[in-house]
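*Asks:* Letter by letter, the chains look like this.
2 protein chains.
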Amino acid sequence: MEPTHHSPRRVEELRGRLGEVASLDGFVNAVRDQKRMQFLIVDWRGHLVQVAHEKAGESDALAATIASLTIGSAVTVKGRVREAPSVKLHGLEIEAIGLHIHSLADSPLPIAPDSALEKQIDWRFLSLRRPEHRLIFEVQTTLERAMRSYWAQAGFIEIHSPKLMGTFSESGADAFKVEYFGRTAYLAQSPQFYKQMAMAAGLDRVFEVGPAFRAEPSFTSRHETEFTSIDMEVAWTHSHHDLMALEEAWLAHALGEVARAHGAAIEGALGVPLAVPSAPFPKVSMEDAQRIVRASGHLPSKPDDLDPEAERRLSAHVKREHGHDFVFVTDYPASARPFYHRRHPDRPDLTESFDLLWNGIEITTGAQREHRFDVLRAQAAEHGHDLTPLSSYLDFFRYGCPPHGGMGVGLARLLMVMLQRSSIREATLLSRTPTRLTP
Amino acid sequence: MEPTHHSPRRVEELRGRLGEVASLDGFVNAVRDQKRMQFLIVDWRGHLVQVAHEKAGESDALAATIASLTIGSAVTVKGRVREAPSVKLHGLEIEAIGLHIHSLADSPLPIAPDSALEKQIDWRFLSLRRPEHRLIFEVQTTLERAMRSYWAQAGFIEIHSPKLMGTFSESGADAFKVEYFGRTAYLAQSPQFYKQMAMAAGLDRVFEVGPAFRAEPSFTSRHETEFTSIDMEVAWTHSHHDLMALEEAWLAHALGEVARAHGAAIEGALGVPLAVPSAPFPKVSMEDAQRIVRASGHLPSKPDDLDPEAERRLSAHVKREHGHDFVFVTDYPASARPFYHRRHPDRPDLTESFDLLWNGIEITTGAQREHRFDVLRAQAAEHGHDLTPLSSYLDFFRYGCPPHGGMGVGLARLLMVMLQRSSIREATLLSRTPTRLTP
Numbered sequence: 000m001e002p003t004h005h006s007p008r009r010v011e012e013l014r015g016r017l018g019e020v021a022s023l024d025g026f027v028n029a030v031r032d033q034k035r036m037q038f039l040i041v042d043w044r045g046h047l048v049q050v051a052h053e054k055a056g057e058s059d060a061l062a063a064t065i066a067s068l069t070i071g072s073a074v075t076v077k078g079r080v081r082e083a084p085s086v087k088l089h090g091l092e093i094e095a096i097g098l099h100i101h102s103l104a105d106s107p108l109p110i111a112p113d114s115a116l117e118k119q120i121d122w123r124f125l126s127l128r129r130p131e132h133r134l135i136f137e138v139q140t141t142l143e144r145a146m147r148s149y150w151a152q153a154g155f156i157e158i159h160s161p162k163l164m165g166t167f168s169e170s171g172a173d174a175f176k177v178e179y180f181g182r183t184a185y186l187a188q189s190p191q192f193y194k195q196m197a198m199a200a201g202l203d204r205v206f207e208v209g210p211a212f213r214a215e216p217s218f219t220s221r222h223e224t225e226f227t228s229i230d231m232e233v234a235w236t237h238s239h240h241d242l243m244a245l246e247e248a249w250l251a252h253a254l255g256e257v258a259r260a261h262g263a264a265i266e267g268a269l270g271v272p273l274a275v276p277s278a279p280f281p282k283v284s285m286e287d288a289q290r291i292v293r294a295s296g297h298l299p300s301k302p303d304d305l306d307p308e309a310e311r312r313l314s315a316h317v318k319r320e321h322g323h324d325f326v327f328v329t330d331y332p333a334s335a336r337p338f339y340h341r342r343h344p345d346r347p348d349l350t351e352s353f354d355l356l357w358n359g360i361e362i363t364t365g366a367q368r369e370h371r372f373d374v375l376r377a378q379a380a381e382h383g384h385d386l387t388p389l390s391s392y393l394d395f396f397r398y399g400c401p402p403h404g405g406m407g408v409g410l411a412r413l414l415m416v417m418l419q420r421s422s423i424r425e426a427t428l429l430s431r432t433p434t435r436l437t438p
Numbered sequence: 000m001e002p003t004h005h006s007p008r009r010v011e012e013l014r015g016r017l018g019e020v021a022s023l024d025g026f027v028n029a030v031r032d033q034k035r036m037q038f039l040i041v042d043w044r045g046h047l048v049q050v051a052h053e054k055a056g057e058s059d060a061l062a063a064t065i066a067s068l069t070i071g072s073a074v075t076v077k078g079r080v081r082e083a084p085s086v087k088l089h090g091l092e093i094e095a096i097g098l099h100i101h102s103l104a105d106s107p108l109p110i111a112p113d114s115a116l117e118k119q120i121d122w123r124f125l126s127l128r129r130p131e132h133r134l135i136f137e138v139q140t141t142l143e144r145a146m147r148s149y150w151a152q153a154g155f156i157e158i159h160s161p162k163l164m165g166t167f168s169e170s171g172a173d174a175f176k177v178e179y180f181g182r183t184a185y186l187a188q189s190p191q192f193y194k195q196m197a198m199a200a201g202l203d204r205v206f207e208v209g210p211a212f213r214a215e216p217s218f219t220s221r222h223e224t225e226f227t228s229i230d231m232e233v234a235w236t237h238s239h240h241d242l243m244a245l246e247e248a249w250l251a252h253a254l255g256e257v258a259r260a261h262g263a264a265i266e267g268a269l270g271v272p273l274a275v276p277s278a279p280f281p282k283v284s285m286e287d288a289q290r291i292v293r294a295s296g297h298l299p300s301k302p303d304d305l306d307p308e309a310e311r312r313l314s315a316h317v318k319r320e321h322g323h324d325f326v327f328v329t330d331y332p333a334s335a336r337p338f339y340h341r342r343h344p345d346r347p348d349l350t351e352s353f354d355l356l357w358n359g360i361e362i363t364t365g366a367q368r369e370h371r372f373d374v375l376r377a378q379a380a381e382h383g384h385d386l387t388p389l390s391s392y393l394d395f396f397r398y399g400c401p402p403h404g405g406m407g408v409g410l411a412r413l414l415m416v417m418l419q420r421s422s423i424r425e426a427t428l429l430s431r432t433p434t435r436l437t438p
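For the record, the sequence lines run as chains A and B. Anchor point for the first sequence: position 61 equals 60 in numbering that gives the first Met the number 0, and the numbering is continuous, going up by one each time. Anchor point for the second sequence: position 428 equals 427 in numbering that gives the first Met the number 0, and the numbering is continuous, going up by one each time.
Extracted from the complex, chain A is given alone in its bound form (with noise of 0.2 angstroms):
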C-alpha cells in the first residue's frame, strides 16, 4: 500500500530519491513565471513541493506548458528532485522534465480565502480544499471510527434502518413528504422507532449513523434539514443513569483518539485547544437548571426547557462550579418530551431523560423508554397522538421487549463544539436548509 495522503512518510520517500527522476500527482498552489526561471507550488497529496524549471528560449514547449498553468489546475509532474536547503518546502525541489496537465482550472476561482461562508458553499468543493476545512473531515473520519471501536468492543451491533416511512417518526409538522408510488411517505426524522424495535428483536445493543431529515423552516446556525444522526440503544437498562454513564465513557474514548491524532493540527489550523473530558460529566436536574438560570438573571422561555440562552448560562455555571465542559441536564417533565420516554414512578410528572450540553450547546437526547405496551398507548394517547399510525410502532411492545434505553447525537453539531465553528455549516460536508438544494 503506497503512503497514504498527508502522510510524512511521503516526503521522507521523495527525499530518499535525491538525483533520481520522480512522478508527483497534484492541484497547482501557485505559479511564479520570472524571466529565466519558473517556479511551481504543486499540492501533492497535502504536501506543498516547489517545481523549477530553467526557461531554454523560444522553442522551450514545457515552458509553455507551465505558462498556461492556472491555480487549481490538476496536473503530473515528472522532474528530479534535488536538495534545495533555501527552499523552505522540505528543503527539496524538483527539476521539472516533463508536465501532463490533466484539468486545467478556470481562471479566476470564483471564491477568495475569505469570501463569506454561503459563498464558501456555494463553491464547497473549492473552500474544501483548504487545508483547514479539510482538517474538519479528517476529524470527522476518526471521530467516528473511534466511535466504532467503542461499539466494537462493548458488542454492538450496526443497523440501517429505513429512511422511508409508512408515517411520521417525532412530529407531523416537520416531516418531508415523498410521492411513494400514489401514496405518500415520509422521511425519518431519526431512527428512533426502529431503533427501539430492535429492543424488541433482542438485538440487545444497536448503534446507527444515517441521516434524519427535518422539514424545520428552521435558519439558525445549529440547524440543517438533513444531517447525519449517530444514535444508540441499549437493552435491560435500569434508568437514564446507565444511559449517561454510557455515553460519558464513549464520549471520553472517542475525544481521546481524537485528541491523539489531530490534537497538534487543530490547535495549529484552527486554534482550538482540545481538552478530553474526564467522566462522570456534571449532572443538574431541570429543576435545578430552571433555578440557577434564574438565578444568573435569565428568565427561561419555558419552564420545562431550557432556551439557547438559558442553555449557556447554565454551562457557564458548572464550568464555574465544577470546572467541566460538559453537563447533563436530566428528569424533563414529562410536557417537554416525547411521549416514549418513560415517567420517574414516584414522579409521573418527570421523564427518566437527559440532554447532554457541551460549552453551552445541545449535543445529545436521550432517555430510558417505555417499554410496557399498555403505558406507553395511554402516554401516546395523553400526548394526543393518533394511535392508528402508530400502530406499527406500537406492536414492537406487545411482544414482549426488555426495559431499554438510548440517545441521539448530531454528528456536525458535535464537530461543531468540539472545532469551536460558528455555524453547523462547516461541519456539515453539503449544507441543506430550506432555501439551499445545491450543490
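Because the hints were derived from the structure by calculation, they are not lab data. Among the hints, a few may not be true.
Chain A side only, calculated, beta carbon under 7 angstroms to chain B, not exhaustive [stated by the list, open to error]: (1) ARG44; (2) SER72; (3) THR140; (4) ARG144.
These numbers were taken from a predicted model, which means no experiment stands behind them. Where a beta carbon is used, it is the ideal one built from N, C-alpha and C, also for glycine.
Following the hints, put chain B in place on chain A, whose structure we already have.
*Replies:* Relative to the frame of chain A, chain B by itself:
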C-alpha cells in the same frame, strides 16, 4: 465493561458462581409447567439457560407468576446457580427465587419459524429473534468493520453526502420526489455526484456507507426501493484496472475477517461454507462475455449488457475454467453506461468500466470517471441529458479535477450472495418495496 451478548464469557462467569444467587435478564423461550416442577428456558443475551422451580402449594406466588408466562415475555429471573449435569444447556440450572415480568407477551405469537417470508417481514422484530436471522446482522456488523479497517489503513476519508438533492443523480425516471418548502427535491439514487465532488475538492480517497433510493416499480428478489450503498472514490487512478485491484484487495480483506469471526457459525446455522477469494479475480471483457454466453446456448437480451441468466452462465463458465466465484466484466459499451464513465482513448465506443459478479449475481458497478470538463459535457449531451439541471455537477470539473474512479456496492446484495439467501429481504433489516412501507 460487562461481557457482551453471545460472549462465552457470560456462561463461564455463571459457572464460576455455583451456589451463589445470580440475576438473569432475558426473553422466555419455553415454559414447562408440570405437576410438581416448573421449567423455564430463558434466552439470556443469546444463551439459553434453564430455570427450575419446585412448586410449594396453593400460596406459591412464584409458581403462579411462572404459570402466567408466555413465550417472548421479557423477564428478570433471580435464583441460585447449581450444577445440573443432565441439563443439556451448559450443564447448569437456576433454582428460581424470584421472577419479575418486565413485559408479558401476547399469546400466541403471530408467526411461526416456517411462516412465509412476507409474513416474517410483517413481524420482523419477532423473526429477528431467531439466532440464524440475528447472525446475518452480526455478520453485517463485522463486514462493515473490516471494510472500514481497510479504508483506515489506506487513508480514506469518510463522507456523508446529502440524500436530498436539487436534481436527480442518475435517471430521472426512478428518482423519488420530495415536497421541499414549496418546490421539488429528489432523493439521491447514489452518492455519485458528491463522491466525485470530493475528488475535485482534493479529498483524494473517500468512502460513504449510506442509504440510496430507487423509485423503480421492481419486485425481484434482489431489488429494494431503499438500500444501503457502499461507495468509494479514489483520485489519481490511471484506469479501471487500478479500481478493480483496489476492490479485490478490499473484499478479500473484509471477507477474510468475516470468515475468521463467523465462518463456523455461518456454516452451522445456514449451512453455507464461506470461502475467502484470492486476488486477482478473473476479468472478462464484455465482448468476450457475450461470446461465452452465446456459446453456452443463451442469447443475451441486449448486445451491450448481461441479463441475469447471462450473468449466471458467465459465472458458471468462469468457475469451471478458473475455479473462481468472482468475475469482473469489463469495458462495457458506452451505450450501456452513464455519461460520466470515461471512454477508452483508442475505442471511444467502450468505457473504462466494470461490474463485479459473485456466483452469478452483480454486486458492484464501477468505472474510471471522465474528469475533463469539455469531454464530460459532450458525453452528457450525447446521452441526451439536459445540461441545465446538471450544471451544479458539471461545475465540479471546471476548476481542476484529478483523474479518478470509484465503485458502488449494495450491502444487502453482498450479504445475500455471501450467505446464499434466496431474497435480498433476508439480508435487509426492514424491507422497502413499491408496496411496503411498514414496519
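*Asks:* Each hint should be assessed against the structure and marked as holding or not.
*Replies:* Results for each hint:
{"no.": "1", "hint": "ARG44", "in the structure": "6 angstroms, holds"}
{"no.": "2", "hint": "SER72", "in the structure": "5 angstroms, holds"}
{"no.": "3", "hint": "THR140", "in the structure": "4 angstroms, holds"}
{"no.": "4", "hint": "ARG144", "in the structure": "6 angstroms, holds"}
Of the hints listed earlier, there is not a single one the structure fails to meet.
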